[in-house]
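2 protein chains.
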Amino acid sequence: GSSKAEEEKQQVYFSAVDGLKKLYKQKILPVEELYKFNVTHSAPLSDADFDAKPQVLLLGQYSVGKTSFIRYLIEREFPGAHIGPEPTTDRFMAIMHGAMDRVTPGNALAVQADKPFRGLSQFGTAFLSKLECSQCECPILENVTFVDTPGILSGEKQTIGRNYDFTGVMEWFAEKSDLILLLFDAHKLDISDEFLRVIESLKGYDEKIRVVLNKSDSVEQQQLMRVYGALMWSLGKAMKTPEVKRVYISSFWDKPFQNDQNAELFEREREDLFKELRDLPRNGAVRKINDLVKRTRYVKVHALIIGYLRAQMPSMFGKAAKQQQLLDNMGEVFRAVMREYHIPVGDFPNIDRFKANIRDYDFSKFPKLDLNIIEQMDKVLARDVPQLMDQFPSEREDQLLA
Amino acid sequence: GSSKAEEEKQQVYFSAVDGLKKLYKQKILPVEELYKFNVTHSAPLSDADFDAKPQVLLLGQYSVGKTSFIRYLIEREFPGAHIGPEPTTDRFMAIMHGAMDRVTPGNALAVQADKPFRGLSQFGTAFLSKLECSQCECPILENVTFVDTPGILSGEKQTIGRNYDFTGVMEWFAEKSDLILLLFDAHKLDISDEFLRVIESLKGYDEKIRVVLNKSDSVEQQQLMRVYGALMWSLGKAMKTPEVKRVYISSFWDKPFQNDQNAELFEREREDLFKELRDLPRNGAVRKINDLVKRTRYVKVHALIIGYLRAQMPSMFGKAAKQQQLLDNMGEVFRAVMREYHIPVGDFPNIDRFKANIRDYDFSKFPKLDLNIIEQMDKVLARDVPQLMDQFPSEREDQLLA
Ligand SMILES: Nc1ncnc2c1ncn2[C@@H]1O[C@H](COP(=O)(O)OP(=O)(O)OP(=O)(O)O)[C@@H](O)[C@H]1O
Ligand SMILES: Nc1ncnc2c1ncn2[C@@H]1O[C@H](COP(=O)(O)OP(=O)(O)OP(=O)(O)O)[C@@H](O)[C@H]1O
Ligand SMILES: [Mg+2]
Ligand SMILES: [Mg+2]
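Line by line, the protein sequences are chains A and B. Start counting the first sequence at 1; every next residue gets the next number (the numbering used here). Start counting the second sequence at 1; every next residue gets the next number (the numbering used here).
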């Protein structure tokens, strides 16, 4: 169970998320709807998107101990789990909190409005039949959701066995996760080309990635140094960033250490990883605020562009020609909006995608620009969000990249 | 002192080198002279080139403990050594065996026929005044020569202080060395851009490079893991090869370990490095044989090309025009030689450099091709070299890349 201080942190977290939800529904969603934000950006956010627990995604070759890792962390068996020396987990499994033990198959899961997995329908039923949600009663799962994944195999087996977009699915989960753990087995280090390809596809989520060198107690120390060195050597090559990834060197299951020469190191590393996991909810809230700030800025620029396009349209003759002219000179439109409203260039959408998405709408039917609405957006950014942030103790505010 | 078995190994080494010298002088040097090999390749080899002890080159940022490392290995002070926490070694210093303590300055060193440093004159007196040879009586130095180098500094200081081609000099030593040790300080890991540039310039000598993580006993274990990981991460990026570099994690001086948590690891790593150094003479002989095999193949091809060019020249009129035509179609010449004598393409010299070097000679004055000489070269490769190789026990024969 969690201590009183932790419970209080929890409360802060929940009330911050509630605040965010309200802010979004009252002040941002109406503007999205009025100016058809979903035409050029993503669909409106649902409650489930805000409520989603911080999510930890586990990746690794088969048998490195991914499923055992989750079992160890949540301190109990969970329904549908299989652990064994052969490739065992053949599906994606979200391990979530639930009052009762239950396994929900993927096709059902993808239509549940209260779970954040509806976006997975895009990968088709071939994939959904390889997706499950495991729920059980467990205090730790009240704060965090784990996503277990099928072990990555080397060579042919991979492509033959999988008739869905494996990398695409991985990326989908990576985007939605707060932490991505790459697990390796110190006893049998294997960094296959397949795994390197998956790592490469996670480029955009680099700051979420941590590495676990599991089963580190099963080799003697000189061997451990060689394995660890080889791991860092390869990861340094595979990841383009200069920042070194944090590697947790330990063993994550409930058996005592086999080789206890490094017991102290292993204990500390375990503690460090636990701490990082405990901090997830709080950082998760900061991330959600951060995401909403980004979205609000996009919504504002979107409204300005739509309003500008509308204002250029003639009231009677020559609409089609004018619309074509605006489309052809969209760069000029963007620059005009940028100058008039002092918008940084980074807030503008990708111009080609914007043109492609907006092309078939009748610009003259767009709503006029309402400067009150823009002012309201500015207030959200300048007043409402900082107010929400104030609810947090100060340590991590620098993470808000607004 | 060395054991009886080691002394025997020594004998084998010396007699192999003597055999090589004889082979070169009797069968290869005359061909080099006859066909002017030095015009397109390097100058004839001298005794000093064959006699040179296996050489260990030390590189690293300042104060990582390069000079202390040498002092520790040879188990005594050596003349001219300076050790201290500030940048101390400001010159290149060859530490060699000698009956008496003596320091020879670079300008004198570069003219001594019995030392393998004459090639360094090319870097000018500005460099030679930053070169020294330290000699002393010491059994270890009978088997190996060390080259201490000025610590690499970060930032400006580097270029301001040095008015010679630092990277060029490093490369020269790298080519002549049997082992290149990159030293790092676990207590103050610093991998400056300058150092990375030096590492990059050593690309061609990759298989000689080893890494030493020195002063590993001065940090506690978790910190050591972070430092070591960061080192491997950066090295993996800097070195293009997939093979992981061997890193010796220990402390190389005669004080007891500060943090003896990892004493056993440190001891073993030290032993492993000692073993690698002990094996140098033997591997050095293999390398020398290997180099001579390469050279012999180049000499053979060179003779074939020269003889071919000579054969194409008219006996009386139109010499200049024919020579120009041959120069213009050197690719055709190479292909003709390749076909006629079944020479692998890898044995041919760089065509542009060859043309530039041969251009000013009168082809009609070249000696005619003597097929007996070619046959003799083939015998050197097929019979004499294998005979020399047979003097060695079998373990490392796979290193001969003939
Ligand atoms: N920390 C550990 N130390 C040693 N052995 C372990 C450890 N964790 C798990 N194992 C063993 O490794 C094997 C694989 O474990 P597990 O099934 O959890 O791996 P996995 O990564 O989920 O594999 P898959 O990709 O096939 O699902 C099992 O035999 C398990 O008992
Ligand atoms: N193994 C070691 N552990 C701890 N300290 C060491 C060790 N080796 C050397 N030192 C200390 O580090 C400092 C630098 O040593 P040293 O002069 O040998 O380094 P260096 O690499 O030769 O430096 P420079 O590049 O300036 O010549 C000295 O104070 C020395 O006593
Ligand atoms: Mg599993
Ligand atoms: Mg020094």
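FYI, nobody ran anything at the bench for these hints, they're computed from the structure. Any given hint could turn out to be false.
Covered, in the sense of this in silico footprint (three residues per stretch, anywhere, with C-beta under 8 angstroms from a C-beta of chain A), are these stretches of chain B [claimed, not checked]:
1. 212 to 225
2. 304 to 317
Here are some chain A residues pointing at chain B (derived, C-beta under 10 angstroms) [what the hints assert, rightly or not]:
3. M225
4. G236
5. K237
6. L265
Every residue, glycine too, gets a C-beta built ideally from N, C-alpha and C.
Consistency of the hints with the structure:
Given as covered by chain A, the segment 212 to 225 of chain B passes the check, having 3 residues with a CB less than 8 angstroms from a CB of that chain where 3 are the minimum. Only residues whose beta carbon comes within less than 8 angstroms of a beta carbon in chain A count, and the segment 304 to 317 of chain B has 0; fewer than three means the coverage is violated. Satisfaction of the interface hint for M225 of chain A is found here, the shortest Cβ-Cβ separation to chain B being roughly 6 angstroms, below the 10 angstroms cut-off. About 3 angstroms separates the beta-carbon of G236 of chain A from the nearest beta-carbon of chain B, less than 10 angstroms, and the hint is met.
Interface hint status for K237 of chain A: upheld, as the beta-carbon distance to the closest one in chain B is roughly 5 angstroms, under 10 angstroms. For L265 of chain A, the interface hint holds, the least distance from its beta-carbon to any beta-carbon of chain B being 5 angstroms, beneath 10 angstroms.
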